[in-house]
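Novice: This is what each chain is made of:
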Amino acid sequence: MQNFPSFTDTDLQSELSTLNLGPTHPATHGVFQNVLQLDGERIVSGVSTIGYIHRAFEKIAEHRPFYQITPLTDRLNYCSAPINNMGWHMTVEKLLNIQTPKRVDYLRVIIMELARIADHIICNGVLGVDTGAFTGFLYMMEYREAIYEIYEEVCGSRLTTNIGRIGGFERNFNEIAFAKIRKFLKEFPAVLKEFENLFNRNRIFIDRTKGVAAVSAETALDYSWSGPILRATGVDYDVRAMNPYCSYEDFDFEVPVGTTGDVYDRFLVRNEEMWQSMRMIEQALTKIEKEDPTIFHADVPKFYLPPKEEVYNNMEALIYHFKIVMGEIETPVGEVYHSVEGTNGELGFYLVNDGGRSPYRLHFRRPSFINYSMYAPMSRGMLLSDAIINMSSLNVIAGELDA
Amino acid sequence: MGKISNEELLQKLTAQFGEAIASPVEPYNLLTVETSREQIMDVLGWLKTHPELQFIYLTDITGIHYPEQTGKEIGVIYHLHSLVNNVRIRIKVYLADGDVNIPSATALWKGANWMERETYDFFGINFTGHPDLRRILNVDDMTVYPMRKEYPLEDPNRVDKKDYFFGR
Chain P
1 MQNFPSFTDT DLQSELSTLN LGPTHPATHG VFQNVLQLDG ERIVSGVSTI
51 GYIHRAFEKI AEHRPFYQIT PLTDRLNYCS APINNMGWHM TVEKLLNIQT
101 PKRVDYLRVI IMELARIADH IICNGVLGVD TGAFTGFLYM MEYREAIYEI
151 YEEVCGSRLT TNIGRIGGFE RNFNEIAFAK IRKFLKEFPA VLKEFENLFN
201 RNRIFIDRTK GVAAVSAETA LDYSWSGPIL RATGVDYDVR AMNPYCSYED
251 FDFEVPVGTT GDVYDRFLVR NEEMWQSMRM IEQALTKIEK EDPTIFHADV
301 PKFYLPPKEE VYNNMEALIY HFKIVMGEIE TPVGEVYHSV EGTNGELGFY
351 LVNDGGRSPY RLHFRRPSFI NYSMYAPMSR GMLLSDAIIN MSSLNVIAGE
401 LDA
Chain Y
1001 MGKISNEELL QKLTAQFGEA IASPVEPYNL LTVETSREQI MDVLGWLKTH
1051 PELQFIYLTD ITGIHYPEQT GKEIGVIYHL HSLVNNVRIR IKVYLADGDV
1101 NIPSATALWK GANWMERETY DFFGINFTGH PDLRRILNVD DMTVYPMRKE
1151 YPLEDPNRVD KKDYFFGR
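Just so you know, the sequences run in chain order P and Y.
Quick note: the first sequence, position 175, residue 175 per my numbering, numbers continuous.
One rule links them: number in my numbering = place in the second sequence (from 1) + 1000.
Simulated from the structure, these hints should not be mistaken for lab results.
Beta carbons are placed, not taken as given, at the ideal position from N, Cα and C, and that holds for glycine.
Heads up, a few of these hints could be off.
Have a look at the derived ranges for each label pair, beta carbon to beta carbon [as the list claims (entries may be wrong)]:
| hint | chain 1 | residue 1 | chain 2 | residue 2 | range |
| --- | --- | --- | --- | --- | --- |
| 1 | Y | Ala-1015 | P | Asp-292 | 49 to 55 Å |
| 2 | P | Met-141 | Y | Gly-1098 | 25 to 31 Å |
| 3 | Y | Asn-1086 | P | Val-47 | 32 to 38 Å |
| 4 | Y | Asp-1141 | P | Leu-384 | 42 to 48 Å |
| 5 | P | Tyr-52 | Y | Glu-1068 | 34 to 40 Å |
| 6 | P | Glu-194 | Y | Thr-1128 | 52 to 58 Å |
| 7 | Y | Glu-1026 | P | Lys-210 | 44 to 50 Å |
| 8 | P | Pro-332 | Y | Ala-1022 | 19 to 25 Å |
| 9 | Y | Asn-1086 | P | Ile-53 | 31 to 37 Å |
| 10 | P | Glu-175 | Y | Pro-1051 | 53 to 59 Å |
| 11 | P | Gln-68 | Y | Glu-1068 | 44 to 50 Å |
| 12 | Y | Pro-1051 | P | Ile-53 | 40 to 46 Å |
| 13 | P | Gln-68 | Y | Pro-1051 | 46 to 52 Å |
| 14 | P | Tyr-148 | Y | Thr-1128 | 47 to 53 Å |
So that you can see chain P by itself, here it is in the shape it has in the complex (with noise of 0.2 Å):
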């Protein structure tokens, strides 16, 4: 076995320089190390490392009991954490047999969108900056702030969130979140409809994304990409409309799709999506309405985590607290599959349970992992500018890709 990728002789010979961009370069948005092969400025061949941020997601998931595997779940797609972590709660309720009332599966709904948005935000945002127009990422990333605020009203925590319990939540939303919530519904729509404006009819924008790394739909489906870089190519595929989780069958929205799979098209589908989960937020608030405003879990008492208050003045409920959380109750046994759209497409939990303190065996499948490994065979022949753009339009986060 080799230990590290070599070139072929023709390669060699030939007066072909060698970059290495990454590990810590900035255009890498991450720790990512491509070593590529340039005749020029046109890449010849590349070769991507990762793993510079391994942390033994899995083994360490293999040791932990199912609580103490939220906060990992938070550090894989930091950028929308609680993505991760609504879906790794999903996951447990599915094997528990746990329905959660309708009011969680909206408020869950709110909050998944939300970081959708942020994700959004941040990946279009320094698409625009990766072109060299800083505008419009200084005006969006005040709104990622004010999501980051809601998230602060409803858990306390801003970025690693920890958010979810298995049945629902922590606590109940107060009205300070809903009312930022409203506050951001009504802002928000202006500042992307001027991000738009910026960036959809700009002659250079335009000029440096269409057309470039453009991927068909074959492609895309052979290399398995899944999310908002899999429907620029043209494929509807959303994990929220096709095997709907979380109540999403109860909401009306519809599913961008591209025609080209170039950066400009994966630019305009997020863009898409974000007034789409706009729209869903929307409805979920309207929904949430006609339910009683009191529940915001599931009456799972043996899985659910006693309130705070009684934790501390309360013997029992400290019992109970440790128990559930050092995984002392009994789970039944069985492999599950569940899977939430994340930012970057399909968020797969594999969970194989003997009934232990901790899973036998647990697998993300990681989108950012999947989409990233068409990254070097695309670049062969594109200039390295684009391949900078294309990086960029991938969406990659680190810590999801490592894991």
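Place chain Y on chain P using the hints.
Specialist: Frame of chain P, contents of chain Y only:
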């Protein structure tokens, strides 16, 4: 949910492959079948190219280690998805510990490349015919396959965290 029920899918599979499709189960409504190393490429290829089933989407490849199952220690697990019929299938192949060779699915899906590299990295499963079978997440000079159960995360000699202290 899907246009094709699990029973129908299983019937079609057994009609084509007979004995090679073993122990079908449906945990949480996902059809799971076992097959052999000799048959796996045929099964995957047939599922992919079947005009009606069209399992064109390879969702995931991963491994699992059961040290107690003699002769079937290492499992390779495939998840396929038929986007047309919206139905998933899980296929398992078990291998004996000393003989962990299995044909690579890269001939069918290019996306299998990194999934198999990851499985090789963690379990040491040798995907024969893989174009570039190297470690992917761990360092190249690592000598062990860390996801196997013989490499516990904690010190195995430690007794204060044994299950019987916690009433299990």
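Novice: Each hint: holds or not?
Specialist: Now the hints, each set against the structure:
no., hint, in the structure
1, Y:Ala-1015 x P:Asp-292: 49 to 55 Å, "holds, 51 Å"
2, P:Met-141 x Y:Gly-1098: 25 to 31 Å, "violated, 55 Å"
3, Y:Asn-1086 x P:Val-47: 32 to 38 Å, "holds, 36 Å"
4, Y:Asp-1141 x P:Leu-384: 42 to 48 Å, "violated, 31 Å"
5, P:Tyr-52 x Y:Glu-1068: 34 to 40 Å, "holds, 35 Å"
6, P:Glu-194 x Y:Thr-1128: 52 to 58 Å, "holds, 55 Å"
7, Y:Glu-1026 x P:Lys-210: 44 to 50 Å, "holds, 47 Å"
8, P:Pro-332 x Y:Ala-1022: 19 to 25 Å, "holds, 24 Å"
9, Y:Asn-1086 x P:Ile-53: 31 to 37 Å, "holds, 35 Å"
10, P:Glu-175 x Y:Pro-1051: 53 to 59 Å, "holds, 56 Å"
11, P:Gln-68 x Y:Glu-1068: 44 to 50 Å, "violated, 25 Å"
12, Y:Pro-1051 x P:Ile-53: 40 to 46 Å, "holds, 44 Å"
13, P:Gln-68 x Y:Pro-1051: 46 to 52 Å, "holds, 47 Å"
14, P:Tyr-148 x Y:Thr-1128: 47 to 53 Å, "holds, 49 Å"
The structure does not agree with the numbered hints 2, 4, 11 stated previously, though it agrees with the rest.
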